[in-house]
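S.K.: Now for the letters of each chain:
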Amino acid sequence: MIQKPRSFRPHAARWTHVALAGLVLAGCRDVQKQPAVAGPNDVGGTLVATQPAEPGTLLPPLISTSIERQITDLLYDRLADIGDDLNTVGDRGFKKQLAAGWEWAPDSLSIVFHIDPRARWHDGVPVRASDVRYSVALMKDPALGSPGLPLITNIDSVAVRDSLTAVAYFKRHTPEQFYDLVYQVSIVPEHILHNTPAAQLKTADVARHGVGSGRFRLSKWEPGKRIELLADTANYRGRPKLDRIVYVPTPDFNSAVTRFFAGDADFFEQLRPEHIAKIASDTARRAITYPNLGYAYLALNNVDAKQPGQPHPIFSDRAVRRALTMAVDRRAMLKNVFGTYGMPLYGPFPHALPVADTTLPQLPYDTVRARALLDSAGWLVGPDGVRSRNGQRLEFGITTPVSSAARKQYAVLLQDAFKRVGAAARIDEMDNAAFTSKNTDRGFDTSIELYQTDPSPSGFKQSWSTSGLGKDGSNFASYSNPAVDALLDSATLTFDPSRTRAYARRAFEMIMEDAPGIWLYEPPTVAGVHKRIHTTAMRADGYWSGMADWWIPAAERTARDRIGLRPAP
Amino acid sequence: MRRYVAGRLLQATIVVLLVTTLTFVLVHLAPGDPITALLDKPGVTEEVRQQWRASLGLDRPVGEQYLRWVSNTMRGDLGYSIKYRRPVADVIADALPRTLLLVGLALTLSFALGIIVAVLQAERPGGARDRWLGRVFLVLYSVPDFWLALVVLLVFAYRLPILPSGGIVEPVTHDFLPLAERILDRLQHLVLPVGTLTLLATAAISRHQRSALLEVMPSDWMRTAIAKGLSRRRAVRRHALRNALLPSITLAGLYLPALVTGALLIEKVFSWPGMGLLAADAIPSSDYLLITAVVLVTSIAVAIGALVADLATALADPRIRVD
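Same order as they appear, the protein sequences are chains A and B.
So that you can map any letter, position 568 of the first sequence is 568 in the numbering used here, and since no number is skipped, the others follow by simple counting.
So that you can map any letter, position 284 of the second sequence is 284 in the numbering used here, and since no number is skipped, the others follow by simple counting.
These are calculated hints, taken from the structure and not from any lab test.
One or more hints might be untrue.
To be verified - Computed footprint of chain A on chain B; a stretch qualifies when at least three of its residues, placed anywhere within it, have a C-beta under 8 Å from a C-beta of chain A:
1) 48 to 54
2) 248 to 256
3) 265 to 277
To be verified - Cross-link-like lysine to any residue pairs, in silico, SDA-like; alpha carbons within 20 Å at most:
4) 220/A x 159/B
5) 335/A x 404/A
6) 41/B x 220/A
7) 278/A x 159/B
8) 471/A x 247/B
9) 41/B x 69/A
10) 471/A x 43/B
11) 96/A x 404/A
Said to hold, decoys possible - Sample of chain A residues at the chain B side, in silico, Cβ under 10 Å:
12) 95
13) 224
14) 247
The structure displayed is predicted, hence computed values, not measured ones.
Note that the Cβ used here is the ideal one computed from N, Cα and C, for glycine as well.
Using the sequences plus the hints, can you model the full thing?
M.R.: What follows is the structure, given as structure tokens:
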């Protein structure tokens, strides 16, 4: 419903609050009991989200940051979207988007997708099968340099049978071939992009236009100020319940928090424990914990940072890795850093994944056993309290990025824990660029990694199998175990989800026994949201997946909710 | 005078060239590179990163990249920002006017306020007013800028929510407001960052100006003016101030570059997307060309500021000859 806009005096109104001494906190506002579902009149309203950065591009095959993914996910549709259980095997649970249906070929090497005839690009042009062909070809074009290119190598090509029928061909029949295509490839408009050569798209202005087929369309992007998405009211999947989403870049964390608590923003995706305690007494805002696929661990580098290719003088020894793991009281550290909001990490996986198993046996916190293990491995305590073996001191660095408060705290706690068993750790804090560079080159002794995996079990091959050892992989600990490699291969090649879980479970168990990392925590992802915003279930791979169905009851709207869909003059 | 100005401009050109060359080399020597920082996500292969480097010319030797940068810059092309994925000139063109507005307003207010405070203090040196103003501005002179900014933000945007917490305008409603309210909205967003910057700069300016005033107070001509019956207040305002303005003119020249460089921490705290914030964003992203362009603009501003300060001082004080 489009309402006549009122005259707004957003902050002028606040001046009156000064005169009304005592009625000063923005929190003292209307908060009603939340209805469970949106009513017919609950369409409309504005969500203002504060974000630490703004996107560089709005072209899905070129995105690389979280904010770019978030906004492009709202602007562009895929053929189908992953289900809430994040199953990646076959097509079970996938929800239709641009594809109104699909059929597998008998040999499973091709899938026919029927494009929803109602689907339109935001400029009104119908979505066609040729757009699917173009999207895949563009992403596979080496000249584009899509960061997602390595994820779709199994897709051979897409052919157009007719304007609404696209046939995707695959090189091999794999459990995740459907997922590879529909999850990794967002469909982009050929008629807008085809005039720009792929090699020029990185720097072309058209990559910032954001013309997609999603339920929101790009209304305005003022660099440094805001990005405004408006509801696509004629969308084939239905109009979103919100009228608009406005992203406001706020680079400073404290300023972003103040912006949220002052009422200038409705949503802030990353509250810290101190703010969560504060929000409990806030009448206008609430905290929402949402799942994510991140996990933090201390990578114990198996190769020598100074002599690449050579085993690390300390961490190539399994006994040392296990002993150091047992020296760490992970639960106490979790409580120390995150209070009651910490989420323990049970192994090399976030618990939200279908293959996760939180019942796997853990190496216990036991400093007596840790010391005994080091003694038996020949690491004896020297006069200064630091152990050594054959002239090699048990002395190493803990690399951590200076930008992460939690990881810096962990570094100090780990240093202290290691000291108690006779290991001398020094903390190497560095800026993000240097940290990334060290990671890529494996140029560290130990490093506190915060790794964001994807829903697919094949993501674990990158992180923990021999194939992930090089610069292309994410096996930061340079861990290699042929048995684990075989299990992870089996996990990604079976078509039976229960067997996938069984293989992955055994692989995780072996990794945990070998202790190439110390499993620290899952980052607690707690968002702050204004109470008038009613959210839906949030998926671990992106809390924004259901944002088009977030809603604001008509009775709870504020001035900025009542603008309607009228474009700014 | 012309020869002097021409000489100074030549010197400035050499300084700018040296500074930007040094910056260009240093940012390239620093660990990490913009592509590694940009494509730091699982699954991205080194081949893809290398493709990006090649397509943006970052795989070429530093010397070659530098020569290309110089050649392009001479033609007005500052290159491409990898972080913002836009031409550097466009990114700076967006940020520069915002900083000019913020810092220009703050400096104008600071000099006006700083001189007034100094005059008020100098009228009765050692008196209660002088002591109290001195204490207040000494505190302001001493506090870190980011700390003051955060306190101001918490007090006026959160505890007493009477002013917006950041940004240039209200992000949703601004465009829908009538003209007068749009102007009011813009002014309200200026209050906190401009106020904070003004307080900080006023503290420095007033201290310098007060010292200069106290230096000229014992002069014979001041004694004569007072002996002729002029009140101390009028003597300070009419005679001492004019003769004591030189430090403020010098300070104005030194502050001039801030008009284009911005106030990094203030801009960050108040989410003011100006040049300071641009620099703060460009450095961790190793955005080579953006960093170099910001340094280029800054060094030009510093050179011009110094020149303007010297010329203004010479104009104000006939004892100084610039040639």
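S.K.: Take the hints in turn and mark each one as holding or not.
M.R.: Each hint, compared with the structure:
Residues of the region 48 to 54 of chain B lying with their CB closer than 8 Å to a CB of chain A number 3, which satisfies the three-residue condition for coverage. Given a C-beta distance limit of less than 8 Å, the hint that chain A covers the region 248 to 256 of chain B is violated, as 0 residues qualify and 3 are needed. Here's how the region 265 to 277 of chain B fares: 6 of its residues keep a CB closer than 8 Å to some CB of chain A, so the rule of at least three is met and the hint holds. Proximity of residue 220/A to residue 159/B is assessed by CA-CA distance (about 32 Å); at most 20 Å being required, the pair is judged violated.
For a cut-off of 20 Å, the pair hint linking residue 335/A to residue 404/A stands: about 17 Å separates their Cα positions. A distance of roughly 28 Å separates the Cα atoms of residue 41/B and residue 220/A; the hinted pair therefore is violated under the 20 Å criterion. Restraint check for residue 278/A and residue 159/B: the C-alpha separation of about 14 Å stays at or below 20 Å, so the hint holds. Restraint check for residue 471/A and residue 247/B: not satisfied, since their Cα atoms lie roughly 57 Å apart, outside the 20 Å limit.
With a C-alpha separation of about 12 Å, the suggested pair residue 41/B and residue 69/A falls inside the 20 Å cut-off, and the hint holds. Of the supplied pair hints, the one linking residue 471/A and residue 43/B holds, its CA atoms being roughly 10 Å apart against a limit of 20 Å. Among the hinted pairs, residue 96/A with residue 404/A is inconsistent with the structure: their alpha-carbon atoms are about 38 Å apart, more than 20 Å. The interface hint given for residue 95/A is violated, since its Cβ lies 24 Å from the closest Cβ of chain B, which is over the 10 Å cut-off.
Checking residue 224/A against chain B: minimum C-beta separation of about 3 Å stays under 10 Å; hint holds. For residue 247/A, the interface hint holds, the least distance from its beta-carbon to any beta-carbon of chain B being 9 Å, beneath 10 Å.
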